[in-house]
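When you get a sec, could you build the whole thing from the sequences and use the hints?
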Amino acid sequence: MCRGAVLVLVIGAAGCVGNIDQKAPNPPGVDLAVSECKDIEASPGTRELQRLTSRELDRTVVAVLGDSTHAYLARLAVSDELISTRRRYFRAQSGTPVWAEASVLAAEEVSLGVAAQAQFTDCTGGDERACARQLIERTGRKLWRRTLTTGEVDVVLASYDAARVEGTHVDGIQTVVMTLLASPDFFFFQAAPIDARPTGTVLAERLASVLWQQGPDETLLDAAENGSLDTPEGFGAQVERMLGDPRADETFANFLSHWLAPEKVATIEASLAQAARSTALYPGFKAPGAGADGLAYSQALTAFLQSEARVSNGTFEGLMLSKKMGVNEAVARNLGLAAVTSGVELRDVDDARRAGVLGQPAVLTAFGRFEASDPVHRGVFLLRHALCNDVPPPDANVNTALPPAEDFPTTRSRFVSATVNTQCAGCHSLINPLGFAWENFDAVGKFRTQEGVTAVDATANLPTNPRADVDGLADLARVLAADPTVRSCLARQFSAWALRRQVDDQQFCAVRPHADGFYEPAGPISSLVKAVLASDAFRAPSTPVEVTP
Amino acid sequence: MKFDRRLLLKAAAGAPLLSLLAPRSALGQGMTAPKRIVFWFQPCGVAHRYYHVRPDSTENDWGYDAMGDLHSLLPLVPFHDLTTHFDSTERVATLGLPASDWHKWTDNQKMPFGLTDLAGTAGENPLKPRDMNGNPTREFTVGHESQIAMLTGRYPVGTVVNTGGTPGVEWATQGDSIDVALGKELGATTRFKSLQLGLAGYQNFGLSYADGLRLPIQDSPQRAWETLFMGIPQTPGVDPAAEALRKKMARRASSFSAAYERFTALKGGMATPDQKRLQQHFDAYRDVELRLTQAPNVNNLACHAPMDPGNLNLGDALTLPARMQVMMDQLVLAMACDLTRVTTITWTFAATNQIFSFLPGFDAPLGMGGTPSPDGHHPLSHDAYNGTDDPSTTAQLAAYDKLRRIERWYAERLASFLTALRNVNEPDGSTLLDNTVVVVINEINHSGAHNNSNMPIRLYGSLGGKIRSGRYLALPTTPLNDLYVSLANALGLPWTTFGEPRFDYRYIGGPTGWQWVSESKTVGPIPGLVT
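Residue numbers (our numbering), protein chains in the order written: chain A, 19 to 567; chain L, 25 to 555.
Be aware that a few hints might be false.
If the Cβ cut is set under 10 Å, some of the chain L residues that face chain A in the computed set are [as the list claims (entries may be wrong)]:
hint, residue
1, 113
2, 226
3, 381
These are computed hints drawn from the structure, not numbers from a lab.
No residue lacks a Cβ here, since even glycine has one placed at the ideal position from N, Cα and C.
Have a look at this one:
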């Protein structure tokens, strides 16, 4: 009977049934920079009519109508769907009664807020119906992401007239805004034309969705409607403008928040919100609930990402190797660092062995477990999310209970003992080295050189191609940052996230030829984003297909 | 005769008592209360030592051995006569399946036994070759995941995907789940055809499906409250906000008509697949339009809205008991108001890491050497077994005891829910519990073996005597679809089959596992379960 610790992974990929020896994966990675996409025919893939996600709807509404209650996020997040059971990125396409009710009630809630603001309802000395028409034209263009036809304005105005039968002008304005938001024109993307490249506002709303996770601003709408967006120069100029905007950074950070999430949660924030630690081992770590340390950790991570992984000037190397860390009160307290004066400070790392995004306390904690540290989940994260190796979960009959900690001097020796059995060794020869290299950090991200009286051993022979000997997290990060497999893996996931569908080899190969810049030593993040936008997966005419839900 | 205590207090406080009581006499005559069903899902299998009936149990003379007050199901003893406790003939013959049989199960060397999630455990894996006769090799999917077909009773369809690493299989659920299918039949006049409530909006795997579309779960008590009780006053017949709500609903109605015009206009220029997607959304709007634009007809005196539960922190384990209680209270009233007749209520989710820090001792070091326990439900459920064997080490036994206490806690909640149902009167003088069956389901049986045979399913309620309850039923190998047919029959639906019409399985042995054979089990009601 084998002992392992892959508790969370007992579920998951269906490829795990059977004899584990037969499916023990080879070390991942060939020289991807050379051979990747060589023998694979690129295919732009198919497309489906999708809704904007709750985050996109929310950001649009906040930008256009100033909704401070975030009604769309609060009500519609439950209706977003993962694009697959194996990828955590979101799309939104299925219409269920739960969605429909949330959609209408969110529209109503926002519209009631609008009706309370004079800037939307004032019609001093004017013809109230004409004011309503103006509002529909002005606000409708931003919400529907295109200029409304007269007939469309009339349809919306009819709901104003209906509301006026027994209500005031304010009631009418409220109804108009509710109608604009409750219409499919607001929550659906415009259907791309058949057998023609998406242009104009169809292109603009997709662009704004990838770059800003919201509807286009007026500048982009103008470019879309006067035709300049459809020229290569005009498109390039809009992309540059939008990449330089903080909204692009927020958006890329949101992608990373999904990339960094452990299995079974959508985002790293969700994982940290639930982070519970043994009170015996970590008496100072504040449990889930209001003021939880996990939430403070995620704020520190955000500060790191918004400085070191900006789309405008950030690089893949900076993301992986930055010598900065986000520190706030919770981080300082749990890690024994000097106190912060206020908010989050971006400081130099406390030890040379801490590096990049993997060294941020939030990431170290998200993959921690209840106990001292968690080399297995950390290793599985790297294998699945950084190296794109879908390591299977253990067989159902594998005993995943850990032997008692007190029988072992260190976490590492405990996990070595638990996974040494031949039934486990195949996968764990890949998993364990990737996790052991993090051993200088405990389950709340504190640097350590000792476990009890024993020195921590963070050396590992990584299953990369070629194999690499490392000592500690900074070393590990250096190897990963230089490995084209890791860049390719991140690029695949970004493609799936941005295109909102499963991206298989053929579809990725539509993106890859445009991404050479990202594979260069520094690897600008913007070059990855631009690669997706330049690819046929984003630009080519495509055939809509029916996809079973 | 029972009265809703809250209602009486309200009446005493000045509500017009006569108008409250008037509908009772009018509706009490000749009106049959509707039949209802609740699927109660709790995850991660059971702690076997504390789950089963005492060894000498027979069909009509059965019970739980208290084992020094340790048995998980003791809180449900008061409902003995309304209980149907399922088991397998095989387990009875061996008085507790020996550990060696769990090994056989995980090695594909054992026939399914008892109530079995056949659809969920064995779909055709497109990565596996067919057998020499061209029939699919029915392979097990991994335990927890099987729930994607547990309620649909249809094999999921697998597609191979390759996203840069090893090829994997994505499983697509087929058809309607039993709750949705029942809702379509029973819910024509109710506000919700079927209702999906729970504690976590994010789920590893789906449970309820409409035509293969996974249905989201409402996990916010406040949103559920708003959804359920919109337009229903807290005091029956007395609603000072009624006129304002009527106007609000009228404005919604005008937005709905404009939206429908836009749906139609957009659909015109679209390709067929896009049209279908749009139509799906249009239908969803139609589905909710009535309840958002018209206050419901209330014909039960016990029907009233509860208080707004407020904004409870959904991420906080410490609020879990409160959220669960609110959901149960709301469901009871929703049933009293006849807002829905079919509900699936999902407590956390399959393979959850839910921590139970509100239970005493769940965040403290264990006895031996101060080793802290990982208290997530799923990790605990594994640590509680020695692989597929019974627990032996101190740590395993401690985890096993925690698993037992989680199940005991769920049993206490269920007992309180059944009690609440019994305390609410129907217009015809019966109680909600008289007209309801609660089906306790779980995605697996044995967390060590990830076993989907002899599923730990129990029924509570007789639906006015339709279900011959108060029995311990040891069954031969039986697909869940048979149970679903029986439940539909008990609810008055003349179904003869559900989901896959036949389950063709036979153990061949060796690496091929189960085989698809022509002579097989035809789905139909479980004999004798329903009168």
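Hints, verified against the model:
Nearest Cβ of chain A to the Cβ of residue 113 of chain L: about 24 Å, over the 10 Å cut. The hint is violated. At about 6 Å, the closest approach between the beta carbon of residue 226 of chain L and any beta carbon in chain A falls short of 10 Å, and the interface hint on this residue holds. A cut of 10 Å between beta carbons decides the hint on residue 381 of chain L: the least distance to chain A is about 7 Å, and the hint holds.
In summary, the structure is inconsistent with hint 1 from the numbered list given earlier, while agreeing with all the others.
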